[in-house]
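**Student:** Read top to bottom, the protein sequences are chains S and H. Letter by letter, the first sequence follows residues 1 to 322 in full-length UniProt numbering. Letter by letter, the second sequence follows residues 1 to 322 in full-length UniProt numbering.
Simulated from the structure, these hints should not be mistaken for lab results. A hint or two may mislead.
Identical copies look the same in the list; a pair holds intra-copy or inter-copy alike.
Stated by the list, open to error - Straight-line C-alpha distance at most 30 Å; calculated BS3-like pairs for lysine-lysine:
no.: 1; residue 1: K79; residue 2: K295
no.: 2; residue 1: K110; residue 2: K205
no.: 3; residue 1: K214; residue 2: K292
no.: 4; residue 1: K141; residue 2: K28
no.: 5; residue 1: K95; residue 2: K295
2 protein chains.
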Amino acid sequence: MAAPLVAAAAVASAADPLPSWNDGAPKKAIFEFVRRVTREGSADYIAPRERIAVFDNDGTLWAEQPIYFQFAFAIDRVKTLSSVHPEWRTTAPFKDVLTGDIKALAASGKQGLLQVMAASHSGITTEDFNTIVGSWLATAKHPRFQRRYTELAYQPMLELLDYLRSQDFKTFIVSGGGVEFMRVFAEQVYGIPPEQVIGSSAATKFVPVGTDGKPALIKEPHVEFIDDGIGKPSGINRFIGRRPLLAFGNSDGDLPMLQWTAGGAGPRFVALIHHTDADREFAYDRQSAVGKLDKALDEAQRQQWLIIDMKRDWLRVFSAGK
Amino acid sequence: MAAPLVAAAAVASAADPLPSWNDGAPKKAIFEFVRRVTREGSADYIAPRERIAVFDNDGTLWAEQPIYFQFAFAIDRVKTLSSVHPEWRTTAPFKDVLTGDIKALAASGKQGLLQVMAASHSGITTEDFNTIVGSWLATAKHPRFQRRYTELAYQPMLELLDYLRSQDFKTFIVSGGGVEFMRVFAEQVYGIPPEQVIGSSAATKFVPVGTDGKPALIKEPHVEFIDDGIGKPSGINRFIGRRPLLAFGNSDGDLPMLQWTAGGAGPRFVALIHHTDADREFAYDRQSAVGKLDKALDEAQRQQWLIIDMKRDWLRVFSAGK
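One chain only, chain S, in its complex shape (with noise of 0.2 Å):
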């Protein structure tokens, strides 16, 4: 009888574009509000070029416990880069991250993560970080789930990006992330292209004869942009000149953006994703150090925003794996 189960399970699948998604509120949500903006002739229809759907990242489209992805490329690269740096050993934040102390790492505050983040991102021509980067993600493991951080993709929000698409919604990436790491992975994981991740970045310098003789971009140790917190609708302004009509976040930091979006005229979607799972993934909102969610929780129940609660509303959570 396997075969014909297999079967029907195809049927079921074609049929519904969400099928990681239990048949809840959520979902119907998001069915009607696309078929409410995408209609024609209906009142709140949206020519397909405005359909602009914009989603963070850590969080949000892939895991982001127990600490930033990134950042852990930016421990192992710093392990790495330790054999050319010897005085790290002996110098702060590095002889921290070297040894594993997280707790010293912590105490060095902002200026302790940003020095982590510059020694691990610069210095470099942006092809070769990208071949880095790319063999990280190739290799490294998330230290709960042992798999692959591309992995660990929320297979819920690969089946919204799809559906979007279908839907002639243009998605892109607004996150606080490096635009440069993400870019590495978001076409392949994500099915979004370089041009539609936005991100914070560092400085690049343009050099017109680079040491093999070509030109090269160089990346600089200094921030240029932020693009968390009050910098997402700055982010979005810049980069894509439309206000979206979909936003999609799961910490303080996408508050801004989430208002942004709810306060343009006309229909707006917009939507927070609440960690409730800790045996599938994690449980974490108003105290955690990593994706904080309080002030945006408020928010949403002030605004009757949707709410995903991980728990509830996901069949599954990872691409790979339950």
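Chain S is fixed; fit chain H onto it per the hints.
**Tutor:** Here is chain H on its own, set in the frame of chain S:
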């Protein structure tokens, strides 16, 4: 005999995607390059998602003489705002703008220029700014041609943009001009949507509750990014994240963009537009205060990049009129 002639012209136009280009070497080179990278199975085939084409705006897609059109807007805006800024009548550089003393204005240098740009481009919401630019474009006229500025787009370049898009290229503007200024007309005039317009920008500030009670983005007076010269490869990297396959410019400010494009692996196409037509448009290069073309002309000759001679290669110049 009029009807058959018109019909014949329509057939010719349907067969040739670049009817405003003379049948010379530049037109042939464009067709050859596009065929080379789009023919499936060819060694130089490039997938559609990597077919990125970038264009400077001022002097490449529309005219830029006698002054950048955005600066003409700034001057008109300062005149409008002077009614609520009586102090400008006695303060440089504003008094020079109001009295039309271009020589004194030029003497105020870069600092004076930035003051005029800041005063005319900030202190309002992004949405109000769009409305103001739209109204100006609908009424202001070019001093020599007595046409609206958007009618001074180059017809051969509009045909080239359309042709490239028909071959699955994604077309971007990469200009030193203000990104929010260009976006007001880029979609309608060039068919380039806001998210594919890259330009210089001033900071914006997100305000959760604006004057109308809704979230707003306020344009601030300080420059955030100059998308000119060595800023262009950085801008391409930040906004697009792929190296272009094809780049068009017309001045020394485009040289790094052309170098960055030409330096990529595999087939690349870079071209300069040389303003050689004083009768139909303007003739200028090495000595021009606006759109100076000197080092880039030398480099184009050295590297055998395509140099488009406006007088020789374009049968028609503007989208409106001759």
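**Student:** Using 30 Å as the alpha-carbon threshold, which applies to K79 and K295: within, between, both, or neither?
**Tutor:** neither (36 Å within a copy, 44 Å between copies)
**Student:** Tell me, please, which holds for K110 and K205 at an alpha-carbon limit of 30 Å: within, between, both or neither?
**Tutor:** both (25 Å within a copy, 23 Å between copies)
**Student:** Quick one: K95 to K295, C-alpha cut-off 30 Å, is that within a copy, between copies, both, or neither?
**Tutor:** neither (35 Å within a copy, 48 Å between copies)
**Student:** Within a copy, between copies, both or neither: which one fits K214 and K292 at a CA-CA cutoff of 30 Å?
**Tutor:** The answer is between: 25 Å across copies meets 30 Å, while 44 Å in one copy does not.
**Student:** Up to 30 Å between alpha-carbons, please classify K141 paired with K28: within, between, both or neither.
**Tutor:** Answer is neither; intra-copy 35 Å and inter-copy 52 Å both fail.
Of the numbered hints given earlier, the model fails hints 1, 4, 5; all others are met.
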